[in-house]
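K.L.:
Each chain, written out:
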Amino acid sequence: MSQAVADFMPLDRARPLYVPLVNALRRAGWLPLLALLTGLICLIYLVTTSTAIGVGYDIQRLEREREEWRARNEQLELELAKARSVPWIESQARTRLGMVKPEKVTYVHLAEPQPASAPAPAERAAGHLSRPRAR
Amino acid sequence: MASGRWSEQARLAVLAALFLGCGLLLAVRLYVFQVVEHERYRALAAESHRFHIPVIPKRGALLDRNGNPLAVSVMFEGVYAVGNQIRDRERVAQALASALEMDPREVLASIDPASPAPVVIKSPIPSAVADRVESLGLPGIVLQRVPHRRYPEGSLAAQTLGFVGRDFTGLSGLELSLDETLAGRPGYIDTERDTSGQELVLARRLAVPPTDGADVVLTLDRGLQRAAERILERAIEKNKATGGVILVMEPATGALLVAAGRPSFRLVDDALYEASDLDRSRPFYATDFYEPGSVMKTITMSAGIDASVITPGTTYNDTGVARIGGAAIRNWDGAANGLMTMTEVLVRSSNVGTQYVSGLLGPERFYDYVQRFGFGHPTGVQLPGESGGMVRSHLDPGWERVDLATNSFGQGIAVTPLQMLRAVAAIANGGLLMQPTLVREVRTDGRTLAAAPVPVRQVISRDTARQVTEMMIAALNQPALRAHRIPGYLMAGKTGTADLPTASGYTSGKTYASVVAFAPAWQPRFATLIRIDAPEGLYGGVVAVPVLKELALELFAALHIPAEPTQDERATATP
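These protein sequences, in sequence, are chains D and P. Here the first sequence stands for residues 2 to 136, where the numbers follow the numbering used here. Here the second sequence stands for residues 21 to 595, where the numbers follow the numbering used here.
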């Protein structure tokens with residue numbers, strides 16, 4: 002009889018579905034499990050945060066290093082520019098190579114060489130340009 | 021049940037009202053804080069824990085026309101001491117002095133024990149030294165990187181380049197006038213601090229990135245500039261002069277290849293400039309004016325020919341003196357040159373003959389040409405404090421008829437060397453006046469913005485320019501100057517000698533000796549002005565022309581200008 006009544010119990014009086022779960026937890030001792038879960042969440046949070054902080058420090062360190070290398074690069078470029086400057090070249094020419102400023106500059110005029118592929122003026126005058134070269 | 025004056029219910033009601041009132045008050049205050057003044061309090065809260073770290077942009081470089089650096093910005097480290105963080109000052113000073121190769125007493129004196137802010141001990145220092153200091157790990161000693169302006173070519177073109185202040189803003193020369201272009205825009209990092217004032221590691225955010233300044237490529241040529249400065253220094257020394265100017269311009273573009281002035285100042289790295297340096301730091305070839313003297317005769321002749329009142333062959337009888345309103349105009353040598361053509365007037369630099377031309381022109385036309393040649397107004401070159409010179413025309417109070425005569429041969433009129441050079445360059449450029457420029461291009465964000473030449477106006481016709489060029493060729497190739505000719509090269513020019521005024525007037529016996537010239541005469545690649553101040557030799561022909569020869573030889577070689585061996589080749593090159 003009681004089974005029959007239970008089978009036809011109204012819906013609003015039916016046992017919630019989680020009741021068996023709660024009962025199971027109660028039987029297994031739910032408090033330690035909950036504590037474990039909380040601990041796990043805290044651990045994950047801590048690991049994530051500490052990793053992020055570590056990465057943050059790394060980023061800052063790398064940025065500092067990048068600035069340092071950039072500054073050193075600029076300093077080396079300056080040294081290069083100084084080594085290519087007119088006063089430096091002149092001082093090196095005078096002191097290391099023993100060069101002196103010429104008293105007099107002599108300009109020598111040379112005839113401009115004709116390009117190898119261009120025909121000689123005589124050929125142009127003879128109209129050779131209009132003929133196939135293979136002949 | 022009721023006891024005393026108040027019943028229990030009444031007391032409860034009062035208490036409830038009191039609580040309700042307090043509750044309401046709190047609710048109202050909460051509303052004010054959270055809603056009405058929400059933004060204000062949010063900003064206050066942010067202000068208390070957020071802060072900005074400025075990010076300094078890199079100042080652009082000044083380069084010569086071939087891209088060689090003349091002024092660059094470089095980050096250098098400096099050593100700073102935060103005094104109130106240092107307990108054992110003697111030990112720190114000793115260790116630091118050893119690393120920095122300084123006197124320990126000097127380091128000790130630099131450490132202010134009360135200072136909470138970093139105080140500089142030594143800056144800048146090389147990276148290797150910075151590493152050494154860092155490895156010491158001294159408490160209260162910090163390294164900071166700050167930008168410094170450096171000049172790889174030394175003090176080359178110092179007056180033109182100018183210098184920057186401690187705050188890295190331009191204070192003179194191009195550094196000042198191009199400051200906006202060179203400086204860039206600073207950015208900032210947005211970050212937060214905790215309750216102890218320490219920066220939060222993860223809070224950093226580059227809120228606004230800095231925009232680096234643009235590199236400016238100038239028209240100056242470092243090789244020519246250096247050669248010109250050396251020639252100028254030698255000329256000043258040889259002639260026992262007080263200073264001088266050499267300017268070289270490309271007539272077709274107005275680009276200045278050389279801008280040298282003496283006395284100048286040293287662009288010493290990180291120098292605190294002396295007060296005496298400030299006066300010499302001006303690019304006085306553009307800021308200071310002088311009476312040009314006889315070089316002005318080229319302008320008068322140009323005006324006369326262009327207005328068709330004379331030709332190069334027009335004759336005039338030079339009696340050695342011309343009387344104008346009671347004043348006597350005489351030649352520089354007091355001589356009477358007799359009947360001569362206008363070309364001969366220019367060759368012999370006759371004052372009497374030149375005033376005749378200005379008289380034919382009349383004040384309206386003469387001063388109109390003077391203005392059209394650009395005198396009386398700044399040229400617009402990219403330099404701060406440029407002067408327009410002083411031109412007193414017939415429309416100005418105090419002008420007299422004799423001024424027309426004296427102005428025609430460069431007296432009673434004041435111009436800057438740059439104005440004078442530009443006017444002569446206009447003759448070389450077929451009568452087209454160009455705006456002088458020192459900027460060739462601007463390089464920013466990988467883009468290159470070229471500065472196009474700016475024509476101002478056609479001052480005289482091409483034919484007039486050709487005729488005046490012929491006259492100037494004759495002037496520079498006269499027998500007296502033959503020793504300074506360069507074989508194979510035809511140059512046009514005119515010498516000038518003007519009295520140097522002092523506080524007591526024109527009685528010092530000192531002069532400005534100058535020459536203006538351009539070459540090759542019929543296809544000019546450069547125009548130049550040379551001025552030697554207060555030389556022993558007094559005259560432009562004696563002092564400035566030898567300098568012109570020396571400079572021209574450098575220019576012909578550097579600009580790869582071939583010699584013109586024969587007269588026939590010159591004739592075929594005539595426009």
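One thing to keep in mind: the hints can contain errors.
Derived lysine-lysine pairs resembling DSS-like cross-links, with alpha carbons at most 27 Å apart [claimed, not checked]:
(1) LYS83(D) to LYS569(P)
(2) LYS258(P) to LYS83(D)
(3) LYS569(P) to LYS102(D)
(4) LYS102(D) to LYS83(D)
(5) LYS102(D) to LYS142(P)
(6) LYS78(P) to LYS102(D)
The set of hints was computed from the structure by calculation and includes no laboratory data. Because the structure is a prediction, the values reported are computed rather than measured.
K.L.:
Against each hint, give a clear statement of whether it holds in the structure.
P.N.:
Structure-based check of all given hints:
1. LYS83(D) to LYS569(P): 31 Å, violated
2. LYS258(P) to LYS83(D): 30 Å, violated
3. LYS569(P) to LYS102(D): 17 Å, holds
4. LYS102(D) to LYS83(D): Given pair LYS102(D), LYS83(D) holds - Cα atoms ~21 Å apart, limit 27 Å.
5. LYS102(D) to LYS142(P): Roughly 40 Å separates the two Cα atoms, so the pair is violated.
6. LYS78(P) to LYS102(D): 39 Å, violated
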